[in-house]
Amino acid sequence: MTWRQRVGKAIPYVLLIISIIPVTVGYLWLLISPFSTKTEGLRSLGWTLSNWSFLWKPPFGLNYPSIWRVTLNTFMVATSMAVFVVLVSSLAGYPLSRLKFAGRKSFLSLTLIVHAFPSVTLLIPIYFVLRFLHLFNTMVGVALVMVAFELPFGVWLMKGFFDNVSWDMERAALIDGASRFRVWWQIIIPTIKPGLAALAIFAFLSGWNAYLIPFTFTIGRAGKTAVLSVYLQNFQGDTVMTNWNMVTAVGLFQLIPVMFFFIFTQEYLLNIYAGGAKGGA
Amino acid sequence: MKVTLERLTKHFGKVVAAGDIDLDIGDGEFVALLGPSGCGKTTTLLMIAGIYKPTSGFIKFDGRVVNHLPPKDRNIGMVFQSYALYPHMTVFDNLTFPLKLKKTPKEEMAQRAQRVADMMGIGHLMDRKPAQLSGGQQQRVALGRALVKEPNMLLFDEPLSNLDARLRLSMRGEIKRLQMDLGITSIYVTHDQVEAMTMADRIAVMNEGRLQACATPDDLYDRPETLFVAGFIGNPPMNFIDVEVVRENGDYHARREAFDLVVPAERGEKAAGKGSVILGIRPEDITIADEGITGEIYIVEPLGRDDLITVHIGEAGVHVLADPTLGLRMGQTVRLDFNMHKVQFFDPQTEKSLLWTD
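Protein chains in written order, with the numbering used here: chain R, 57 to 337; chain L, 160 to 517.
Hints are not guaranteed to be accurate.
Said to hold, decoys possible - Straight-line C-alpha distance at most 27 Å; calculated DSS-like pairs for lysine-lysine: (1) L:K219 / L:K335; (2) L:K335 / R:K156; (3) R:K161 / L:K288; (4) R:K156 / L:K219; (5) L:K288 / L:K231; (6) R:K156 / L:K231; (7) L:K173 / R:K156.
Hints listed in this document are in silico derivations from the structure and should not be mistaken for laboratory results.
Extracted from the complex, chain R is given alone in its bound form (with noise of 0.2 Å):
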């Protein structure tokens, strides 16, 4: 090789590493900094476990719930993402994809529109609907907007896996004598089920790291404490210093289980790269 081409095949490397420095720093300070007692950019000055107080005594006084109870709000919230999402989705994309009815391809744009329309828009009147249904301040009115939010996105997922699914066996377990649902629950959606998996996955995750939602539709203190992402808003108090290092460590406990969820999950969600995005037939 000559020294031009070794240049030339390191370029692509050295533009690489420098584009991913910033994300780099931005873990490692997230790694060194909640067992630290304080730190100067990269530097610890002082290690300690201090910070993760949180874990067995509750850091804003007695009235406050306990991270745990936080926690399991939180897998609440993410699972229940995960079970109606894919439960809704699949039972949605199923007729979109293979019957004809009037209104099939309006209700398929719509459904794109609501997904490109920005959520942040529609929060005063999701407001005003949670009121009228008594739903709001609940968890159940946070996770029944959030699964709403992610519908769209997932109605067109599971249309994309049903629309790689070959007609023909369909068509052979409807002359073996199989009722349309049944061909959907015993035929149909056992050999989509890598595509329900990222589904759920992907929605999981989603439930799990949601701030926006769960922050605009829960008040007051019991508000505060509905989910991680919005429990870690209650460290950055107006009146006291924010503890830097422990909003770190609270940080670092939301994304331990996920990153061990995604690591022996993620074969399952490069389907949604992988399947979904095909044409069917």
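Given chain R's structure and the hints, the job is docking chain L onto it.
Positioned in the frame of chain R, the structure of chain L alone reads:
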């Protein structure tokens, strides 16, 4: 079971996928639907299966109109080109799926599945998943699944197209044998004329959504009713030459530039005086001889048993099957003897046969 199609029509939007199809299929008969891709043969099959609802016309099973009967109530077995096995189920579960839906008792179910599997030679594969089977084995499972519910009719949608050539040949024989033994009315969709010719009692040739002809393989080959059928059936395909047939001194002559042949009276009289007509003759009905029409060899394609030769006669080109031992070469001048007892004549406007249609 007898199947009757009456003016059966299917539109997809403005496209006529199948139009005015009239077809009678007798009990136990094996009929092939043959045609190029997109000719409407699969559409027709799926209407018979009950997957597509006809736009108009009727489908009758034993005289009873079944247009609105759902597929599950038609008691048919269907085999697909893609096999359409359920990938998450074992062979056993695939075979018993139709029986489970009929709420067949467990023991009987297992017995019937085993019997069909043994018949298909897949009895030892019951615990495998489809992905662990070869293409041929998958096709046997698919066939077994169609047979296990003891259907009144079998539908085949290009079942052999995904198999390799050698396997296709043996499966062809097996399916035919099986169909004869069981005596189940069968409709077989294919674009492969060899499959249709070898397997079917009758062949229904379709093109552009229309039924072109329905006859026995021999009739289609020797007495094609349309230009399309003549050109579609037979490999290498029939030669077509524009000629004019005239009567002279009591004999009929087919003529064009550099071309004059005497036509037997019973064929010639039907084509005479019609102006320009299309003469059709199969490559095997032309032989290289000492006398006859002069032409120049354009190309020689060895096929093993025969050489396929393209000969230019003036501006017309004809394909001829010749004996490879003749050692023919490009550019050589040869004389061709046409077997005029086998020629066909077609009207260039209507593309209908002048010999076999009134």
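Right, here's what the structure says about each hint:
1. L:K219 / L:K335: 25 Å, holds
2. L:K335 / R:K156: Answer violated: L:K335 to R:K156 is near 37 Å, above 27 Å.
3. R:K161 / L:K288: Violated - the C-alpha atoms of L:K288 and R:K161 are around 37 Å apart, more than 27 Å.
4. R:K156 / L:K219: 26 Å, holds
5. L:K288 / L:K231: 25 Å, holds
6. R:K156 / L:K231: Given that 27 Å is the threshold and the Cα spacing comes to 20 Å, the pair holds.
7. L:K173 / R:K156: This hinted pair holds, its Cα atoms lying about 16 Å apart.
Of the numbered hints stated above, those contradicted by the structure are hints 2, 3, listed in ascending order.
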